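As they're listed, the protein sequences go chains X and Y.
Just so we're aligned, residue 1 is where the first sequence starts under our numbering, counting upward by one.
Just so we're aligned, residue 1 is where the second sequence starts under our numbering, counting upward by one.
Bear in mind the hints are in silico, worked out from the structure with no lab data behind them.
None of the values given here were measured: they were computed from a predicted structure.
Keep in mind that the hints are not guaranteed to be accurate.
Unchecked claim - In the DSS-like style, the derived pairs of lysine-lysine whose C-alpha atoms are separated by at most 30 Å in a straight line are: (1) Lys108(Y) x Lys326(Y); (2) Lys59(X) x Lys108(Y); (3) Lys292(X) x Lys350(X); (4) Lys435(X) x Lys46(X); (5) Lys59(X) x Lys326(Y); (6) Lys189(Y) x Lys40(Y); (7) Lys46(X) x Lys59(X); (8) Lys435(X) x Lys108(Y); (9) Lys253(Y) x Lys189(Y); (10) Lys59(X) x Lys189(Y); (11) Lys435(X) x Lys40(Y); (12) Lys47(X) x Lys292(X); (13) Lys282(X) x Lys292(X).
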Amino acid sequence: MFESFDATLLARIQFAFTVSFHIIFPAFSIGLASYLAVLEALWLWKKDQVYMDLFNFWKTIFAVAFGMGVVSGIVMSYQFGTNWSVFSDKAGPVIGPLMGYEVLTAFFLEAGFLGVMLFGLHRVGPRLHFLATFMVAFGTLISATWILAVNSWMQTPAGFGMNEAGQFIPIDWWKVIFNPSFPYRLVHMVLAAYLTTAFVVGAVGAWHLLENTAPRRSRTMFSMAMWMATIVAPIQILAGDAHGLNTLEHQPAKVMAMEGHYQSHPEGAPLILFGLPNSTEKRVDYAIEIPKLSSLILKHDLNAPLAGLDTIPDNLHPPVAVIFWSFRVMVGLGFAMLGIGLWSLWCRYKGTLDSSDWLHRAAVLMGPAGFVAVLAGWITTEVGRQPYTIYGQLLTANSISPIAAPAVAASLIAFIIVYFLVFGAGTFYILRLMKRLPRDPMPDLEDGPIRTSGIMPGPAAGAHAGSAHRSAHHDH
Amino acid sequence: MTIDLPFIWAAIIAFAVLAYVILDGFDLGIGILFPFFPEKRDRDVMMNSVAPVWDGNETWLVLGGGGLLAVFPLAYSIILPALYAPIIAMLLGLIFRGVAFEYRWRTKRGEFLWNWAFAGGSALAAFSQGIALGALVQGIPVVNRAYAGNWWDWLTPFSIATGFAILIGYALLGSTWLIMKTTGALAEKARTIALRTCFATIAAMGIVSLWTPFLKPQYLERWFGWPTAIFSVIVPVLVLGCFALLVTGIRGKRDTQPFLAALGLFVLGYAGIGISFYPFMVPPSVTIWDAAAPDSSLSFLLVGALVLVPIILIYTVYAYWVFRGKVDPEEGYH
Numbered sequence: 001m002f003e004s005f006d007a008t009l010l011a012r013i014q015f016a017f018t019v020s021f022h023i024i025f026p027a028f029s030i031g032l033a034s035y036l037a038v039l040e041a042l043w044l045w046k047k048d049q050v051y052m053d054l055f056n057f058w059k060t061i062f063a064v065a066f067g068m069g070v071v072s073g074i075v076m077s078y079q080f081g082t083n084w085s086v087f088s089d090k091a092g093p094v095i096g097p098l099m100g101y102e103v104l105t106a107f108f109l110e111a112g113f114l115g116v117m118l119f120g121l122h123r124v125g126p127r128l129h130f131l132a133t134f135m136v137a138f139g140t141l142i143s144a145t146w147i148l149a150v151n152s153w154m155q156t157p158a159g160f161g162m163n164e165a166g167q168f169i170p171i172d173w174w175k176v177i178f179n180p181s182f183p184y185r186l187v188h189m190v191l192a193a194y195l196t197t198a199f200v201v202g203a204v205g206a207w208h209l210l211e212n213t214a215p216r217r218s219r220t221m222f223s224m225a226m227w228m229a230t231i232v233a234p235i236q237i238l239a240g241d242a243h244g245l246n247t248l249e250h251q252p253a254k255v256m257a258m259e260g261h262y263q264s265h266p267e268g269a270p271l272i273l274f275g276l277p278n279s280t281e282k283r284v285d286y287a288i289e290i291p292k293l294s295s296l297i298l299k300h301d302l303n304a305p306l307a308g309l310d311t312i313p314d315n316l317h318p319p320v321a322v323i324f325w326s327f328r329v330m331v332g333l334g335f336a337m338l339g340i341g342l343w344s345l346w347c348r349y350k351g352t353l354d355s356s357d358w359l360h361r362a363a364v365l366m367g368p369a370g371f372v373a374v375l376a377g378w379i380t381t382e383v384g385r386q387p388y389t390i391y392g393q394l395l396t397a398n399s400i401s402p403i404a405a406p407a408v409a410a411s412l413i414a415f416i417i418v419y420f421l422v423f424g425a426g427t428f429y430i431l432r433l434m435k436r437l438p439r440d441p442m443p444d445l446e447d448g449p450i451r452t453s454g455i456m457p458g459p460a461a462g463a464h465a466g467s468a469h470r471s472a473h474h475d476h
Numbered sequence: 001m002t003i004d005l006p007f008i009w010a011a012i013i014a015f016a017v018l019a020y021v022i023l024d025g026f027d028l029g030i031g032i033l034f035p036f037f038p039e040k041r042d043r044d045v046m047m048n049s050v051a052p053v054w055d056g057n058e059t060w061l062v063l064g065g066g067g068l069l070a071v072f073p074l075a076y077s078i079i080l081p082a083l084y085a086p087i088i089a090m091l092l093g094l095i096f097r098g099v100a101f102e103y104r105w106r107t108k109r110g111e112f113l114w115n116w117a118f119a120g121g122s123a124l125a126a127f128s129q130g131i132a133l134g135a136l137v138q139g140i141p142v143v144n145r146a147y148a149g150n151w152w153d154w155l156t157p158f159s160i161a162t163g164f165a166i167l168i169g170y171a172l173l174g175s176t177w178l179i180m181k182t183t184g185a186l187a188e189k190a191r192t193i194a195l196r197t198c199f200a201t202i203a204a205m206g207i208v209s210l211w212t213p214f215l216k217p218q219y220l221e222r223w224f225g226w227p228t229a230i231f232s233v234i235v236p237v238l239v240l241g242c243f244a245l246l247v248t249g250i251r252g253k254r255d256t257q258p259f260l261a262a263l264g265l266f267v268l269g270y271a272g273i274g275i276s277f278y279p280f281m282v283p284p285s286v287t288i289w290d291a292a293a294p295d296s297s298l299s300f301l302l303v304g305a306l307v308l309v310p311i312i313l314i315y316t317v318y319a320y321w322v323f324r325g326k327v328d329p330e331e332g333y334h
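All chains should be modelled from the sequences, with the hints used to inform the complete structure.
See the structure below:
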């Protein structure tokens, strides 16, 4: 039944699906790992139990999210070979060693110290335990660095040659790693991960403030999250702008599609706020535009000429509508985050940070904003690279495995079913963990013996039905 | 260039895959044995005995795959499409059993689901790995730097046999791990299972070993031609030695000896495959040197590997050391 489908299209859908699911977890765990390290450091420094309570609360959530990130990540490391074997053969000599370094410097570090971080506090003591937490956080950042070097090289390849077998071969590793878009992409993504986590933490804190449960812990996490939003959101907007200018320089077609510029504008290009991209007629229907603003943003000159997609052969256009919209979603959410950050700063100044219900409601609403923005951003940059896998060098159509469409279709369906089941359940458990208070027992469940850290004070867990005996062991 | 970089890298990749097989082997084995331990209390202890280390164990699989892409991209791009279905099945199995480590503690009502996910996922992953191994041993047709077979070629009686062999072997690793890490009735039951699976494992190894030389003339020559036939004497003798240590260790109620002897069996079986394969990366046509990436790739990553792999081994040993000794069924890991 799938013979009519094109194996390349199915493989693209499969990659997009599995990588979109995957990126959600690192986007959260990069930020959360750093947050955990900060919480534990504050606990060691100030000896204030509230930080350890929050640490334990978020540690359990981190464990679930990290587990999902690990298993969805293993799929990625093999999918290059199963579905994109020609790409792997050709690009392996360049991107493979970078991923090899990711495994050697980051994955083992995270995995090795994760066990100690989750289960080892009483075996190794607080200082070594903090070292383990720090190593996990550091590992997530190293991992981000290598994989973004890989992705950036695919966007703006540099430092390579070709051999007689048609493989890309590294000539200058420094240029391969520090390729033109890498620094921008790395900063933009790490800040995105921090913002994503800040808005999740902020939403959980705000929700508990609205419920008026455990005010001290909720206040602490809400306040920390809002500081992050206030400080990081404006930096992220500046970083995003710099990244956009870098893209204009190295991947102009992507920017043309983001802007909806089908035609060149020799005397200053308008900024199209909204409209319906119409690729058959090569125009944006119902466009609401501000004259010359695009030239001002991209060239810092109202009358600077800007080339459009008419300067690029039709078969090398990226799909315009997808990128046009995903870009607007990302930017819109970025400014909404800035708005929350400024609003919280105002409330903080007025002394109403803990009592402003409307701010708290808005923060709850914005809880998933980071994930949506991260996905929209990645869709923009990845779809914007089409029709290439390695920009300007290797076409997507020439990257695919010699594999039949039914095989790709069958595995795609299997991935869709399994991912929705497994990660749906995981998301449900995470939401339930968030709803619970740091110290409260969970409804309908018994704390696993490995989970209830002995450091948790108070008799609350002991009262939990069915596990009173064990829980007594958990509490001091 | 006097240093044979592809050869060194073949050795490193072989080491990473071996590390994966024995390390994830025992924790997949725990999952495979889950159905034989219906008590929740036993299952909690079994899972806790590997919970702090499974993630690190699985990272060797990522190193094996990622390393292959980096240093033998041609082998990577031939093997994965050739073994498409078993690889996808393995990945799905690993997803189910991997998340079960966390999810199982997050729900009471749904716990049985994640018990099944853990057991089924582990068994599926192990079986798929065995099938992949068998399919690789029986050879992969290559034309023009690409897999040239059909997408069901991996499915043969031989690959099914290796699938079961790995399943049984992992169950042996898991049961001897439990002997080492648990106490009381649980350890006693693990002993009974270990005794049965060790006989089954030796039988499976025997069948696969006798079958292999008749798949390809190359293997027959390797095992029965001079001077390599010398391995045909040494390897089986060592295997029988490990087998004896295994049986006496289980019967003599020793804690660690059975696990180490089971590891020995795996190392020998792995060495046997290595002897059959050499110098091929993808039998019967792609050698280590055909598949290797250019030296600039190999040397760049080798510098890191030589420094980092020993460091990784050190902190991996440390992580195991932190959680050394028997798992206390009352306290778990606090």
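Against the structure, the hints come out as follows:
In summary, the hint linking Lys108(Y) to Lys326(Y) is supported, as the alpha carbons are separated by about 26 Å, within the 30 Å threshold. For a cut-off of 30 Å, the pair hint linking Lys59(X) to Lys108(Y) stands: about 20 Å separates their Cα positions. A threshold of 30 Å between alpha carbons decides the hint, and for Lys292(X) with Lys350(X) the separation of about 40 Å lies outside it, so the pair is violated. The suggested pairing of Lys435(X) with Lys46(X) holds, with an alpha-carbon distance near 27 Å, which does not exceed 30 Å.
Using a Cα cut-off of 30 Å, the hinted pair Lys59(X) and Lys326(Y) holds, with the two alpha carbons roughly 25 Å apart. Among the hinted pairs, Lys189(Y) with Lys40(Y) is consistent with the structure: their alpha-carbon atoms are about 15 Å apart, no more than 30 Å. With a CA separation close to 19 Å, the supplied pair Lys46(X) and Lys59(X) stays within the 30 Å bound. For the proposed pair Lys435(X) and Lys108(Y), the alpha carbon gap of about 17 Å is at most 30 Å, so the pair holds.
In summary, the hint linking Lys253(Y) to Lys189(Y) is supported, as the alpha carbons are separated by about 12 Å, within the 30 Å threshold. Taking the CA atoms of Lys59(X) and Lys189(Y), the gap is about 35 Å. The hint is violated against a cut of 30 Å. Straight-line distance between C-alpha atoms of Lys435(X) and Lys40(Y) comes to about 27 Å, which keeps the hinted pair within the 30 Å bound. As the CA atoms of Lys47(X) and Lys292(X) are separated by approximately 56 Å, the hinted pair breaks the 30 Å bound.
Between Lys282(X) and Lys292(X) the alpha-carbon distance is near 20 Å, which keeps this suggested pair within the 30 Å criterion.
The structure fails hints 3, 10, 12 (numbered hints given earlier, in ascending order).
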